[in-house]
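Sequence positions in the sequence shown follow full-length UniProt numbering and run 1 to 205.
In case anyone wonders, no lab produced these hints; they're calculated from the structure. Don't take each hint at face value.
[Stated by the list, open to error] Here are the computed lysine to any residue pairs in the SDA-like style, where the Cα-Cα straight-line distance is at most 20 Å: (1) Lys119 x Ala139; (2) Lys61 x Glu110; (3) Lys119 x Arg43; (4) Lys61 x Ile50; (5) Lys31 x Glu110.
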Amino acid sequence: MTDTMTTARTAQPAAHSPSRGMRTREATDRKILRATMEIALQRGIAAVTIEEVARRSGVAKTTIYRRYSNAGDLLRGLRALGLPDAAALSFEASDPTRENLEALLRAIVERFRTGIGVKAVGMVLASDDEFFRHVVDEAIRPEQERCEAFMREGVRAGAFREGVDARFLFDTAIGSMVACEALDGGVDDAWPTRMAALIWPAIAA
Numbered sequence: 001m002t003d004t005m006t007t008a009r010t011a012q013p014a015a016h017s018p019s020r021g022m023r024t025r026e027a028t029d030r031k032i033l034r035a036t037m038e039i040a041l042q043r044g045i046a047a048v049t050i051e052e053v054a055r056r057s058g059v060a061k062t063t064i065y066r067r068y069s070n071a072g073d074l075l076r077g078l079r080a081l082g083l084p085d086a087a088a089l090s091f092e093a094s095d096p097t098r099e100n101l102e103a104l105l106r107a108i109v110e111r112f113r114t115g116i117g118v119k120a121v122g123m124v125l126a127s128d129d130e131f132f133r134h135v136v137d138e139a140i141r142p143e144q145e146r147c148e149a150f151m152r153e154g155v156r157a158g159a160f161r162e163g164v165d166a167r168f169l170f171d172t173a174i175g176s177m178v179a180c181e182a183l184d185g186g187v188d189d190a191w192p193t194r195m196a197a198l199i200w201p202a203i204a205a
């Protein structure tokens, strides 16, 4: 009886954990779609081919063909580019404190990292191609709205100054994030702390 119970207890966590194969597949999917997005942004939709995506992503053509039959399928996949689980990376606008501002910034950058990628954020925002408007609406606009809700709550509670320009502050944070990605090769774990330290004196009442 004891051996049976021990075995059951040992096996239970594995049922709730994503398998290594699933994590590998998700990582491969992200590499394919991010490469597709970069090609489309840099060279136009017509430049997207299975061969070019394989070269850019480092994923074998045979692997890509198992997921997408042609470039049209790739572009449709790009339109449906998924975001990470919102529940896992959510941030509820709560007390308007410096710690929560840092937590908000950390949640935003983490969603970009695990979603479309920080590099793609800058490229999409710089593009005037209507094809990528859905990426702005689905991946970037919600983060802007989350930031604005936090700022509104701070003003309402008297913790932030009246007339705080939440849109400008969000744009500043995004610009810094994209610049770190381009100049330093990535957004490091200390970025939210540094950005919160920069923003806080401008908003605190």
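Which earlier hints can't be squared with this structure?
Of the numbered hints, just 2 does not hold.
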